[in-house]
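Visitor: Now for the letters of each chain:
There are 2 protein chains.
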Amino acid sequence: MTVVSGGIGGARFLRGLLHVLGPDDEVTVIGNTADDIWLFGLKVCPDLDTVMYTLGGGIDDERGWGREDESWRAKEELAAYGVEPTWFGLGDRDLATHLVRTQMVQAGWSLSAVTTALCARWLSALRPAVRLLPMSDDRVETHVVIEDPGGDGRRAVHFQEYWVRLHAEVPAYDVVVVGQADATPAAGVLEAITDCHVLLLPPSNPVVSVGTVLDVPGVREAVTAAPAPVVGVSPIVGAGAVRGMADQLLTALGVEVSASAVAVRYGARARGGVLDGWLIDTVDQAQLPVIEAAGIACRAVPLLMRDLRASASMARAALDLALP
Amino acid sequence: MTVVSGGIGGARFLRGLLHVLGPDDEVTVIGNTADDIWLFGLKVCPDLDTVMYTLGGGIDDERGWGREDESWRAKEELAAYGVEPTWFGLGDRDLATHLVRTQMVQAGWSLSAVTTALCARWLSALRPAVRLLPMSDDRVETHVVIEDPGGDGRRAVHFQEYWVRLHAEVPAYDVVVVGQADATPAAGVLEAITDCHVLLLPPSNPVVSVGTVLDVPGVREAVTAAPAPVVGVSPIVGAGAVRGMADQLLTALGVEVSASAVAVRYGARARGGVLDGWLIDTVDQAQLPVIEAAGIACRAVPLLMRDLRASASMARAALDLALP
Numbered sequence: 001m002t003v004v005s006g007g008i009g010g011a012r013f014l015r016g017l018l019h020v021l022g023p024d025d026e027v028t029v030i031g032n033t034a035d036d037i038w039l040f041g042l043k044v045c046p047d048l049d050t051v052m053y054t055l056g057g058g059i060d061d062e063r064g065w066g067r068e069d070e071s072w073r074a075k076e077e078l079a080a081y082g083v084e085p086t087w088f089g090l091g092d093r094d095l096a097t098h099l100v101r102t103q104m105v106q107a108g109w110s111l112s113a114v115t116t117a118l119c120a121r122w123l124s125a126l127r128p129a130v131r132l133l134p135m136s137d138d139r140v141e142t143h144v145v146i147e148d149p150g151g152d153g154r155r156a157v158h159f160q161e162y163w164v165r166l167h168a169e170v171p172a173y174d175v176v177v178v179g180q181a182d183a184t185p186a187a188g189v190l191e192a193i194t195d196c197h198v199l200l201l202p203p204s205n206p207v208v209s210v211g212t213v214l215d216v217p218g219v220r221e222a223v224t225a226a227p228a229p230v231v232g233v234s235p236i237v238g239a240g241a242v243r244g245m246a247d248q249l250l251t252a253l254g255v256e257v258s259a260s261a262v263a264v265r266y267g268a269r270a271r272g273g274v275l276d277g278w279l280i281d282t283v284d285q286a287q288l289p290v291i292e293a294a295g296i297a298c299r300a301v302p303l304l305m306r307d308l309r310a311s312a313s314m315a316r317a318a319l320d321l322a323l324p
Numbered sequence: 325m326t327v328v329s330g331g332i333g334g335a336r337f338l339r340g341l342l343h344v345l346g347p348d349d350e351v352t353v354i355g356n357t358a359d360d361i362w363l364f365g366l367k368v369c370p371d372l373d374t375v376m377y378t379l380g381g382g383i384d385d386e387r388g389w390g391r392e393d394e395s396w397r398a399k400e401e402l403a404a405y406g407v408e409p410t411w412f413g414l415g416d417r418d419l420a421t422h423l424v425r426t427q428m429v430q431a432g433w434s435l436s437a438v439t440t441a442l443c444a445r446w447l448s449a450l451r452p453a454v455r456l457l458p459m460s461d462d463r464v465e466t467h468v469v470i471e472d473p474g475g476d477g478r479r480a481v482h483f484q485e486y487w488v489r490l491h492a493e494v495p496a497y498d499v500v501v502v503g504q505a506d507a508t509p510a511a512g513v514l515e516a517i518t519d520c521h522v523l524l525l526p527p528s529n530p531v532v533s534v535g536t537v538l539d540v541p542g543v544r545e546a547v548t549a550a551p552a553p554v555v556g557v558s559p560i561v562g563a564g565a566v567r568g569m570a571d572q573l574l575t576a577l578g579v580e581v582s583a584s585a586v587a588v589r590y591g592a593r594a595r596g597g598v599l600d601g602w603l604i605d606t607v608d609q610a611q612l613p614v615i616e617a618a619g620i621a622c623r624a625v626p627l628l629m630r631d632l633r634a635s636a637s638m639a640r641a642a643l644d645l646a647l648p
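Heads up: the protein sequence lines correspond to chains A and B, in order. The numbering of the first sequence is our numbering, which starts it at 1 and goes up by one. The numbering of the second sequence is our numbering, which starts it at 325 and goes up by one.
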């Protein structure tokens with residue numbers, strides 16, 4: 001089966017999914033790379049790493065990103081040199097991942113090959129087997145258009161700056177995904193969509209996580225045309241994002257912040273969209289008819305991934321909706 | 325005044341020298357860069373860093389290299405990825421220096437400019453003022469010829485591999501300094517030699533520290549022709565190096581391991597060499613006539629830099645020999 005994943009939401013959903021699958025199942029994860037960033041000369045892939053660390057048992061569970069038992073001594077020293085940015089948390093243990101990746105990328109390896117090499121440490125012992133593919137080997141970067149702090153018009157900042165430095169607390173006017181139009185799907189991505197028996201979209205940000213994967217040229221078309229059922233999980237519960245800043249970014253794009261509006265935006269596959277089914281939270285049960293009227297099968301279940309049990313039962317519900 | 329420096333020996337000598345100089349003095353250090361190495365995609369300059377950390381108060385005094393209060397978490401993680409080499413100690417705090425340097429070098433800055441930028445943190449408050457120049461902005465790398473562990477002939481390994489991994493415990497047959505013939509002195513190096521009023525060679529390795537600086541095309545000639553007196557300090561006390569592996573490498577080059585043999589190898593400036601004066605240890609007092617017969621003024625004083633006081637009195641003796 002194939003899962004499109006952003007960072008924390010996707011990774012926790014995947015952890016639940018692995019729990020309900022059998023040991024002989026195989027999961028291919030297509031990871032978002034549009035929030036990748038070069039920092040201090042290092043190529044950092046936050047979403048790929050969050051998936052890799054979460055499934056491989058190396059994640060800091062409290063934060064949801066980065067390595068458990070982390071320290072920040074290199075970061076303190078970078079700050080002592082006066083080097084910017086100081087707002088991004090590169091931990092000492094985490095740094096090793098970025099060093100290996102950067103060295104390989106600079107030696108000419110594709111991001112796919114590098115990701116496979118890094119995952120050999122984290123994922124190779126997993127049963128069910130998990131394979132992590134970046135959505136593309138090309139550089140694709142989400143930028144968010146904000147008010148210029150100088151007061152003179154607007155400017156675009158890297159998604160990480162908007163999210164980590166500005167805590168998504170300033171108004172977002174638009175989302176610009178640099179390099180997207182010229183990107184090609186990484187090796188295996190289209191096959192993973194076309195050849196799977198279920199395709200799942202976890203409760204990740206529909207704009208900057210799932211959206212940027214779907215917008216890699218060829219991917220959305222492949223999802224629409226795939227033989228397998230496609231089921232997504234709403235990242236919106238009630239009037240806001242479960243986690244992250246999906247609400248602010250949806251507003252920037254003129255989309256209402258609700259489980260049904262996101263479903264309608266994705267659209268039913270029968271009508272050229274990407275969904276056959278959509279899981280919403282029980283608090284949003286009233287929106288079920290709107291979603292079904294849009295041609296998307298819908299079920300309301302508890303969507304908060306408080307722990308592995310909750311994530312697993314959510315994954316089970318998504319599978320049930322896909323393969324009734 | 326100008327000082328040619330390798331790593332630990334040069335740095336400790338410099339610390340003593342700064343102690344005996346007045347606050348208005350100025351010291352230019354020409355640092356050896358031939359033991360620089362690229363590790364994990366990072367440009368590491370061990371000798372420059374040892375000088376910078378030692379004089380700036382950031383050194384681990386016990387080891388003599390790297391940062392005080394260091395941790396090794398990134399290194400452990402690199403090893404967990406199976407990435408080679410595992411024998412070089414890149415500490416978490418130290419990593420920041422290499423990250424800043426590498427990012428600047430890859431952005432097109434010269435090593436000189438990068439060194440100045442790094443030293444702004446460590447050396448800018450020092451009185452007497454200290455300026456650290458790399459010997460060259462070009463890549464120059466010392467390799468040591470050893471027996472091939474496979475048993476099939478000989479092969480050259482990077483100096484750091486010989487020293488750090490092999491602990492200089494295998495026979496060295498030759499020293500090859502890659503890139504040396506095509507290197508040019510960094511900006512300010514020749515001027516620092518020509519315009520100073522004293523030039524000092526601390527007790528650093530005559531082959532791979534002072535030697536590699538002198539062998540940058542134009543440097544040895546400038547030292548021979550400099551108006552200022554040139555005084556060196558023997559790195560050999562009795563029948564061995566005070567520290568490091570000068571003895572093994574001198575043997576590889578067919579040079580007798582003694583204070584006098586090193587002096588004779590450097591040669592008197594009046595006869596085309598680089599020395600006017602040479603400090604030896606009191607245990608080597610009997611070699612004084614041989615050295616003076618080679619045209620080099622000589623004095624025997626205690627040369628072990630046990631502490632700042634010992635280093636300072638050694639530096640004072642070198643200055644006295646230079647400017648009687």
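I should point out that these hints are in silico values taken from the structure, not numbers from a laboratory. For glycine and all other residues, C-beta sits at the position ideal for the given N, C-alpha and C. There's no promise every hint is true.
To be verified - Simulated restraints, written as ranges between beta carbons of each label pair: (1) A107(A) to G432(B): 19 to 27 Å; (2) Y81(A) to G474(B): 56 to 64 Å; (3) E493(B) to E68(A): 52 to 60 Å; (4) T251(A) to R489(B): 56 to 64 Å.
What the hints assert, rightly or not - Stretches of chain B that chain A covers, calculated by requiring three or more beta carbons in the stretch to come under 8 Å of a beta carbon on chain A: (5) 446–454; (6) 516–522; (7) 544–554.
Visitor: I want to verify a distance hint. Is the separation of the beta carbons of E493(B) and E68(A) within 52 to 60 Å?
Guide: Distance hint for E493(B), E68(A) is violated at roughly 39 Å.
Visitor: A range of 56 to 64 Å was offered for this pair. Does it hold for the Cβ distance of Y81(A) and G474(B)?
Guide: Because 43 Å falls outside the window, the suggested range is violated.
Visitor: According to a criterion of three or more residues whose C-beta lies within less than 8 Å of a C-beta of chain A, is the stretch 516–522 of chain B covered?
Guide: Three-residue rule not met by the stretch 516–522 of chain B, so violated; n is 0.
Visitor: Do at least three Cβ atoms from the stretch 446–454 of chain B come closer than 8 Å to Cβ atoms of chain A?
Guide: violated (count 0)
Visitor: Okay, the stretch 544–554 of chain B and chain A, do three or more residues pass the C-beta test at under 8 Å?
Guide: violated (count 0)
Visitor: Does the hinted range 19 to 27 Å hold for A107(A) and G432(B) at CB?
Guide: Hint holds: Cβ distance 20 Å, inside 19 to 27 Å.
Visitor: I want to verify a distance hint. Is the separation of the beta carbons of T251(A) and R489(B) within 56 to 64 Å?
Guide: holds, 57 Å
Hint violations for this structure: numbers 2, 3, 5, 6, 7, all remaining hints satisfied.
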